[in-house]
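Make a model of the complete structure from these sequences and hints.
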Amino acid sequence: MMSRIVGIDLGTTNSLVAYVDERTGLPVVIPDGEGRRLLPSIVGFTPDGIVVGEAARRQLARRPADTVYSVKRLMGRGWEDLKDELRYFPFKVLAGEGVVKLAVGGREVTPPEVSAIVLRALKERAEAHFGEPIEQAVVTVPAYFNDSQRQATKDAGRIAGLDVVRIVNEPTAASLAYGLHRLGQGVIAVYDLGGGTFDVSILRVKDGIFEVLATNGDTHLGGDDFDRVLMLWLLEDIQARHHAQLDRDCIDLARDNEFMQELRLAAEAAKIRLSTEERTTLTLPLAGFTYHRVITRAEIERLLEPLVARTLGPCRKALADAGLTPAEIDQVVLVGGSTRVPLVRKRVQELFAKTPHSQLNPDEVVALGAAVQAQILAGGIKDMLLLDVTPLSLGIETLGGIVSVLIPRNTTIPTSAREMYTTSVDGQTVVDMHVVQGERELVKDNRSLARFELRGIDPMPAGMPKIEVTFLIDANGILQVQAREQRTGKAASIEVKPTYGLTDADVERMVEDSFTYAEADVETRLLIETRNEADTVLTHVGRALRQAGPLLEAGERQTIERAVAALREAREGKDRDAIRERTTDLNHATEHLAEVMMDAALKGALGTRRANEIMTSKAEAPPSSGDRR
Amino acid sequence: MSDFFEVFGLRRTLAIDGAALQRRFYELSRQWHPDFHQAASAEAQARALQESAHVNAAYRALRDPLARVEYLIRLEAGRATKEGATLKPKAPPALLAEMFEIQEALEEAKAGALDEAARATLSAQRDALQARMSETEVQITGPLSQAWDAAAPTARPAALKALEEALATRAYLRTVIDDLANVLEEAGDNETSGSESSRDATASPGRPERVGGMGGHIGAPHQ
Numbered sequence: 001m002m003s004r005i006v007g008i009d010l011g012t013t014n015s016l017v018a019y020v021d022e023r024t025g026l027p028v029v030i031p032d033g034e035g036r037r038l039l040p041s042i043v044g045f046t047p048d049g050i051v052v053g054e055a056a057r058r059q060l061a062r063r064p065a066d067t068v069y070s071v072k073r074l075m076g077r078g079w080e081d082l083k084d085e086l087r088y089f090p091f092k093v094l095a096g097e098g099v100v101k102l103a104v105g106g107r108e109v110t111p112p113e114v115s116a117i118v119l120r121a122l123k124e125r126a127e128a129h130f131g132e133p134i135e136q137a138v139v140t141v142p143a144y145f146n147d148s149q150r151q152a153t154k155d156a157g158r159i160a161g162l163d164v165v166r167i168v169n170e171p172t173a174a175s176l177a178y179g180l181h182r183l184g185q186g187v188i189a190v191y192d193l194g195g196g197t198f199d200v201s202i203l204r205v206k207d208g209i210f211e212v213l214a215t216n217g218d219t220h221l222g223g224d225d226f227d228r229v230l231m232l233w234l235l236e237d238i239q240a241r242h243h244a245q246l247d248r249d250c251i252d253l254a255r256d257n258e259f260m261q262e263l264r265l266a267a268e269a270a271k272i273r274l275s276t277e278e279r280t281t282l283t284l285p286l287a288g289f290t291y292h293r294v295i296t297r298a299e300i301e302r303l304l305e306p307l308v309a310r311t312l313g314p315c316r317k318a319l320a321d322a323g324l325t326p327a328e329i330d331q332v333v334l335v336g337g338s339t340r341v342p343l344v345r346k347r348v349q350e351l352f353a354k355t356p357h358s359q360l361n362p363d364e365v366v367a368l369g370a371a372v373q374a375q376i377l378a379g380g381i382k383d384m385l386l387l388d389v390t391p392l393s394l395g396i397e398t399l400g401g402i403v404s405v406l407i408p409r410n411t412t413i414p415t416s417a418r419e420m421y422t423t424s425v426d427g428q429t430v431v432d433m434h435v436v437q438g439e440r441e442l443v444k445d446n447r448s449l450a451r452f453e454l455r456g457i458d459p460m461p462a463g464m465p466k467i468e469v470t471f472l473i474d475a476n477g478i479l480q481v482q483a484r485e486q487r488t489g490k491a492a493s494i495e496v497k498p499t500y501g502l503t504d505a506d507v508e509r510m511v512e513d514s515f516t517y518a519e520a521d522v523e524t525r526l527l528i529e530t531r532n533e534a535d536t537v538l539t540h541v542g543r544a545l546r547q548a549g550p551l552l553e554a555g556e557r558q559t560i561e562r563a564v565a566a567l568r569e570a571r572e573g574k575d576r577d578a579i580r581e582r583t584t585d586l587n588h589a590t591e592h593l594a595e596v597m598m599d600a601a602l603k604g605a606l607g608t609r610r611a612n613e614i615m616t617s618k619a620e621a622p623p624s625s626g627d628r629r
Numbered sequence: 001m002s003d004f005f006e007v008f009g010l011r012r013t014l015a016i017d018g019a020a021l022q023r024r025f026y027e028l029s030r031q032w033h034p035d036f037h038q039a040a041s042a043e044a045q046a047r048a049l050q051e052s053a054h055v056n057a058a059y060r061a062l063r064d065p066l067a068r069v070e071y072l073i074r075l076e077a078g079r080a081t082k083e084g085a086t087l088k089p090k091a092p093p094a095l096l097a098e099m100f101e102i103q104e105a106l107e108e109a110k111a112g113a114l115d116e117a118a119r120a121t122l123s124a125q126r127d128a129l130q131a132r133m134s135e136t137e138v139q140i141t142g143p144l145s146q147a148w149d150a151a152a153p154t155a156r157p158a159a160l161k162a163l164e165e166a167l168a169t170r171a172y173l174r175t176v177i178d179d180l181a182n183v184l185e186e187a188g189d190n191e192t193s194g195s196e197s198s199r200d201a202t203a204s205p206g207r208p209e210r211v212g213g214m215g216g217h218i219g220a221p222h223q
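For the protein sequence lines, the chains are A and P, in the order given.
Just so we're aligned, residue 1 is where the first sequence starts under my numbering, counting upward by one.
Just so we're aligned, residue 1 is where the second sequence starts under my numbering, counting upward by one.
These aren't lab readings, by the way, just hints derived from the structure by calculation.
The structure displayed is predicted, hence computed values, not measured ones.
It is possible that some hints are incorrect.
Under the rule of at most 30 Å between Cα atoms (straight-line distance), these lysine-lysine pairs were calculated in the DSS-like manner [stated by the list, open to error]:
id, chain 1, residue 1, chain 2, residue 2
1, P, Lys-90, P, Lys-110
2, A, Lys-574, A, Lys-92
3, P, Lys-161, A, Lys-466
4, P, Lys-90, A, Lys-466
5, A, Lys-346, A, Lys-206
6, A, Lys-101, A, Lys-444
7, P, Lys-161, A, Lys-444
8, P, Lys-90, P, Lys-161
9, A, Lys-444, A, Lys-92
Below you can see the structure in the form of structure tokens.
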């Protein structure tokens, strides 16, 4: 038995770590100290250090410029790929050399470094669980991730001090989790719609072999896009309905980062509620008034329809590549949080004409599958084997910017391809090669992966050297290149310049940096959380005063303002207990204000949500207070 | 390294039992897949990676009857790589006149707008070519393949040549059909149809040059 390997789902929205329990043989998710299974994939950069997960999520609306979410969408990508999307991110993204960089918390970091922070938190979670160091992990990626995106994920592992022993495709990982007990033999389709990416994989399951027949997808389509269309629709609605107030106060909501974050979170929450309810009310406090909106299932479905429709094309292509019709699919499995949306289920059911499986929690199934794969690699499971494919064709640029394919998409991996090349000029000692990935005929329409230089070729007349170049895609779906000049038997050296990746030297430096910018220690983290809590209360009280202030007596108002000032002062210090006490004081001082808000809300003068927020902002309020309304 | 037929313990025949091939593929995968060699030495891991890649490539080449023929031709010609394929797309002699007409119509269509009548003609021609291509494929995987399997050693070159010519015809038809589809703006699924014949290109100065001129094999496994 080798050392322990954990399975990690590094998601757009949430990340998880899981392992296979030796006694039961079943994969289980490792919770944190407070029993939480999902770690929000959010990293907050504060002057005091870095916070990750729930703590970072809580500061999303308050520190939008320094809180990074959905970084997976940026992994292995360049400025050109992202420029249409970047304006929706409240944090600053810079065009780097190939890879983009984020300017947050007064420094520049790359997407793999941010992902590494999430990975390290999961690593620590697992270490706390087992009481031993964890150094190896299987990490999942969307099946449709290209080579750069996979490499970026591996780099993130290295920066986090984890040896990523295998990159596994998310839909196939899910099939392993299901395959353990729930699937019989046959052909299955895995429909995986997550926070930021969509994948579909068709597999044949037979005698413990999970053979992927075809895969397709869209690495830029997921729940984030659902939130965005709803958010933009709401923004328009707010502007249309409240333009008088907004114009009067010269407010441009679209430019207000904090507001846009709150709107995004409110839209996400409404979307989630509408998966189980037919209608929901969205309430959003704004300066001087409250925005109310009843949203119906039908309304959101009208907004989501075009996005859901975009998933069907890849499904049909995967079927065509597998040489199958929908009727030949025996079972359909739903994976990813976005498959909770009823419209998604409906469309999938229509396409395959069968009721999809969703018994396993769609948020957890990928991590569970990663744990199964980890156990296979550790030698703990011997009867299951996953045969995956490379999602995109791999080729080389030839004359006229045309791609010559060496390895077609949906080729089972590991795989290799060999080609012979020669020189075109007498005495040429260096040959340039440009490797691209994608399905289009022209190089410019495909993904540039890397440029290689074959050096050290003996000077010979043009056309004489016979250089054998071997492309090898390993079991992670990552390309390796070898070259050899056959006449002399000399291995030509290869210099790889990844187009959208980090060099080994970059990664080394980031590993070093990651120690310098270590995550805030426990004390600091608690301090940051306490401050965050204080900030939340301060924000809410500030709003409540603006809205309901005139309804209070002058004396009460003064008491509250004094409590506010006291908390503000404490907040600047490092005394956690003092901050907590002042927060409690302020909560007490505003009890009556909360009631006033509540009454006003009941009379319809103010938003119910506002009053509600006052209540919930009373951190750890006694249970009775929750029942007061 | 062993050739793809040898990988599966097969003779160089084109009639292959698909179910048996799959069974053997799964067995070999269990033997060589890197998943089962994680604890091995670096050397043994590298070997497993090579073997497993070879098994996968072999299965891909043999499971599809057309890809199988292409591989056989390459193998018999003694080429381990795909380069320098002699399988230049070639117009079937019987169709030359018709092809000339289609090419002309294609040129016109590319130059200007396509009226309804022209569109209908091209569309009908494409359907006819599609049918002919299917016919050619049936010929290749049927009688021509059987002829190879049955041929005495002296008759093999002729059997191979017949296969080669039929494949060249198919490659040509495929290219024209793709062109027609493009012109008819039905390129939507062309992009995913697995056709690579139309994008093979000769290498040239500035770019690495492929040995043997005309780059690339023709017609990827058509699935």
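Against the structure, the hints come out as follows:
1. P:Lys-90 / P:Lys-110: holds (22 Å)
2. A:Lys-574 / A:Lys-92: Given pair A:Lys-574, A:Lys-92 holds - Cα atoms ~29 Å apart, limit 30 Å.
3. P:Lys-161 / A:Lys-466: Within the cut-off at roughly 27 Å; holds.
4. P:Lys-90 / A:Lys-466: holds (28 Å)
5. A:Lys-346 / A:Lys-206: The hint holds at about 28 Å.
6. A:Lys-101 / A:Lys-444: Holds: A:Lys-101 and A:Lys-444 sit about 23 Å apart, inside 30 Å.
7. P:Lys-161 / A:Lys-444: violated (38 Å)
8. P:Lys-90 / P:Lys-161: Satisfied, since the Cα-Cα distance of roughly 14 Å is no more than 30 Å.
9. A:Lys-444 / A:Lys-92: holds (28 Å)
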